[in-house]
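**Student:** Go ahead and model the full structure; you've got the sequences and the hints to work with.
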Amino acid sequence: MTAAIIVGLLVAGGVYLVLQPGLIRVTIGFVMIGHALNSLLVAAGGMGWRAVSFIGTSEPDQAADPLPQAFALTAIVITFGITVYLLGLARSGADDVPEEEPPT
Amino acid sequence: MILAFALAALATTAVIAPGLARRLGRNTGYPIAAVFLIVGGLIASQASGVLAGGTVAVDWAWMPSIGVDFRLHLDGVSLLFASLVLGVGSLILAYCPRYLEDNERHGRFYALLTLFATSMLGLVFARDLLLLVVFWEMTTISSFLLIGGTGRKSSLPATRAFVVTAAGGLSLLAAVILMSLAAGTTNISVIMDDPSRVIDSPQAPVIAVLVIVAAFTKSAQLPFHFWLPDAMVAITPVSAYLHAATLVKGGIYLLMRFSPLFAESALWTATLMSVGLVTAVYGAAIALKQHDLKSLLAYSTVSQLGFLIALVGVGTPEALAAAALHTFAHALFKATLFMLVGIIDREAGSRDVRELGGLRRVMPVTATLTGLAAMSMAGIPPFIGFVSKEEAFDSLLDAPGADWTGWLAAGTAVAAAGLTFAYGFRIFYGAFAGPTTQRGLYEPRPSFLAPAAIPAGLGLLFGLSVGILSPLINRTVKDTMLTDVDATLSLWHGISTTLVLSMVTILTGLLLFFLREPVDRLLYRHQFPATGAKVFDAAYGGALRLGEWTGAPTRASGIAAHIAWPLGALLVIGVTGVALWPDVAPPALPTTRPEDWAVVGVLAAAILALCLAKSRLTAIVLLGVVGFVVGIWFLIAGAPDLAITQLLVEILTVVVAVLVLRRLPPVFRQVRRSRTLATAAIAVASGLVAGAATFLLTGRRERSPAAGYLMSEAEEDSGGRNVVNTVLVDFRGLDTLGEVTVLAIAGLGLIALLRGTRTPETAGRDDSSLPPSDREGNMVIFQVASRLLLPGIAAVSAYLLLRGHYMPGGGFIAALVAGVAVAVVQLPHGLDRPPRLQAIPLIQSGLALAVLVGALGLLEGSFLRPMRGYLSIGAADLSLSSSLVFDLGIFLVVLGMTVAAIERLSRGVAEASHRPGPERVLELHGGDQR
Chain W
1 MTAAIIVGLL VAGGVYLVLQ PGLIRVTIGF VMIGHALNSL LVAAGGMGWR
51 AVSFIGTSEP DQAADPLPQA FALTAIVITF GITVYLLGLA RSGADDVPEE
101 EPPT
Chain B
1 MILAFALAAL ATTAVIAPGL ARRLGRNTGY PIAAVFLIVG GLIASQASGV
51 LAGGTVAVDW AWMPSIGVDF RLHLDGVSLL FASLVLGVGS LILAYCPRYL
101 EDNERHGRFY ALLTLFATSM LGLVFARDLL LLVVFWEMTT ISSFLLIGGT
151 GRKSSLPATR AFVVTAAGGL SLLAAVILMS LAAGTTNISV IMDDPSRVID
201 SPQAPVIAVL VIVAAFTKSA QLPFHFWLPD AMVAITPVSA YLHAATLVKG
251 GIYLLMRFSP LFAESALWTA TLMSVGLVTA VYGAAIALKQ HDLKSLLAYS
301 TVSQLGFLIA LVGVGTPEAL AAAALHTFAH ALFKATLFML VGIIDREAGS
351 RDVRELGGLR RVMPVTATLT GLAAMSMAGI PPFIGFVSKE EAFDSLLDAP
401 GADWTGWLAA GTAVAAAGLT FAYGFRIFYG AFAGPTTQRG LYEPRPSFLA
451 PAAIPAGLGL LFGLSVGILS PLINRTVKDT MLTDVDATLS LWHGISTTLV
501 LSMVTILTGL LLFFLREPVD RLLYRHQFPA TGAKVFDAAY GGALRLGEWT
551 GAPTRASGIA AHIAWPLGAL LVIGVTGVAL WPDVAPPALP TTRPEDWAVV
601 GVLAAAILAL CLAKSRLTAI VLLGVVGFVV GIWFLIAGAP DLAITQLLVE
651 ILTVVVAVLV LRRLPPVFRQ VRRSRTLATA AIAVASGLVA GAATFLLTGR
701 RERSPAAGYL MSEAEEDSGG RNVVNTVLVD FRGLDTLGEV TVLAIAGLGL
751 IALLRGTRTP ETAGRDDSSL PPSDREGNMV IFQVASRLLL PGIAAVSAYL
801 LLRGHYMPGG GFIAALVAGV AVAVVQLPHG LDRPPRLQAI PLIQSGLALA
851 VLVGALGLLE GSFLRPMRGY LSIGAADLSL SSSLVFDLGI FLVVLGMTVA
901 AIERLSRGVA EASHRPGPER VLELHGGDQR
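Protein chains in written order, with UniProt numbering: chain W, 1 to 104; chain B, 1 to 930.
Think of the hints as simulated: they come from the structure by calculation, not from any bench. Among the hints, erroneous ones may be present.
Covered stretches of chain W, going by a simulated chain B footprint (3 or more residues, C-beta under 8 Å) [claimed, not checked]:
| no. | stretch |
| --- | --- |
| 1 | 1–9 |
| 2 | 17–26 |
| 3 | 29–40 |
| 4 | 44–57 |
| 5 | 77–87 |
Computed from a predicted structure; not experimentally measured. We put the beta carbon where it would ideally sit given N, CA and C, even for glycine.
**Tutor:** Next up, the structure:
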């Protein structure tokens, strides 16, 4: 239930920001949508098991599912890569494009 | 072999034509005409064998896997059309040198004209369906380029001609595909050996219609006829060659070629006869209205092509013989007339019959030649046009079906021929009879007249001794009907029904000519409400507007306009899915714990504040808060590696974002309230859908078998106890390698993106956004602190990398920690100190290392399979795995990407501090930024 609320909150905020003018807010929105999807990945493992997935530390039948966690880990770093690239775009002047219909 | 040589010779000529033209200027036409004659002679050397019933063929493997070969073939039909392509072609090329202007460049024109001749010859030789389509399209393209070559005013007509005939080409392609599916081969010879496989297939009517559409577009039949009169904007040699003698005969050739398949079909006969005859009468009537001699000839061509198509449609051997003979006759007289109109245009400066008159006194030879060609066209004995028309009437009378259809067809043909007679007379009378309006004109040079004189004379000669064409015509009929015939052509048939019809034709023509004033009044009273060209333009414009309308969303400059479409589509899918609310199992275990609600509460507040934030810096700080809360959420969800990664990424994101913010105005752009409300509505809906979907689709099954397996077997398999890390580097190493590659690309992309970028001027810039003047002084504490921190951070990073297999850590996390170190060192220095770590070598070595370790795994059986060993140092047993080296590769790539981000994005800050404009102001204030 709380996982769903967290994903919903992050998606709502992310979508709102992504639809704003200007690359910075779009980038922030993108980061938040990334958070939402990473949370969804973790939630997909099942929020009923929350012990760390270390062998010898947790009981195997209590531990959280490590597979979606591994997916989410690389996804976080990739999100960072893309965030940096978007910021580079904003820095290179792509953010200065006036938002209006092109002359026809 | 000779056929392939003929094509190769023409193609080579086309290639060298521009070079020749640079040397010879407009006279390039003569050597090219000689090439045409030589190639024609080569083909003619095969004629006796072909006429005796043999064929000449070439068969080279082309695409053997689909059974398509480069097959050429010379039979009667090919020979007839090849003689037109090469014979008329050589005349036209000999005509060009005197017609073209002396002091212009003609290389392109000669190259295209020869290319067209090559494709036309290829079309009539092609013995493979696919090859036929290729050459058909080549004629379309070269025709487009030749029409469009005369400047701006010709672009629309060229486009019309191209779109109409290219649509026909698509239709032909469809027909060819269906035909080859039905017959199981693209070899035309094989298809003709057993035509029943196509004829009896269920697709036969569709194939017939598609072939007919292709032929009608090429041969300018109603309702596609309009492109041909339009195409008269091309120069006269092009009109004479393409749009009278050869290109437009492509449709006739196609119908003749496929006659054996469809001649028995009522659909084929009815369509070809009705459309052909209606076009014949329509074209002739419109031709009568024209004042421009070239337009007149164009409509005349439309009409004559209709006549030919009707004859092919009759489908009897006699009708095909008449069609073949008339194709030949038409090429002779129509090419002549076009060339003569070109001569009149050049000499008298006009081709409008209202401005011309009495030219017979000043240009008697031209007048005589025009008279010869016009009489052949009008069907007056003893010209070849008379013989072909007699044959045509005869075969139309004998058309299959009820008696009245034959009479109706012949009657319509007589009407068309009567109109033809009338406009033939008008050409002659309008230009040459009456008072001489232009006195200072002279006969053109013999070299200008000769190319027109030859076919004009041939029209008479072949009429008188038409019997010598009988073998060619008979052979053509044999190919088109697959039956032997023995039609003996002759000028005089004795008193017969057709002779009466011919007399009626001539009388009608004379009557129309003498009553030309009332006829004109009648013709001008009845205007068609819509012309083909107007309908085409409307459809063409509509298609362009539709494309523009469809593509409009992709041309928006704002980002939101692009993102809104996929978001909206997802929302529709999501709302539909949630509205159905599937019947799902209850959660296996309770999924909510009390501490979760704290996370939810902080997160909601932070997100709300973030969405409302006006200042960029506030927004970035709040983004950091959101990221930290998400990190905590991962921690309480039992994912410490994720939590650490998340926190580190959040730190670096904030650092990098702040670097960029320095270049931008401090506050966000204002947004209209209506837009804010709309986006808020979309956002809330998206959030609800995403939340509902997450609620429905997660936590409702037992623990996954993968989790069970990994938790129990991972240590055995990989030697690691941190299962998440073993998944990354051992179990799913290839995934990780792919993801690391994405990061490498992001880093390199960033470097390329910001290579040598000058910082753009930003509207909202003011002094407050510039770095403080005495940066050095401000930075001392930071610099000292960074020097103190660096060794510690580096050690932590190395430790995290090494222990990753057993405890939270690993390549990703270690690299992000090292990235923080880089940021701490780099930030207080800017460009004053070049970065010690270079991004590109890091990324390169990291990827190379990862791939190398993967390749080593091949020794153990598969790519990226880890190799393990144990090292005993003293009492401690250290388990070593090659996956540690792989993790080192990940570390290097991620670090390289981070270095690239910090270095490139901080460069803007340093650059700004070196910029002359604002800094001079600072200097005035006593600042010294060094």
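**Student:** Taking the earlier hints as the rules, which of them does this structure contradict?
**Tutor:** Structure breaks no hint.
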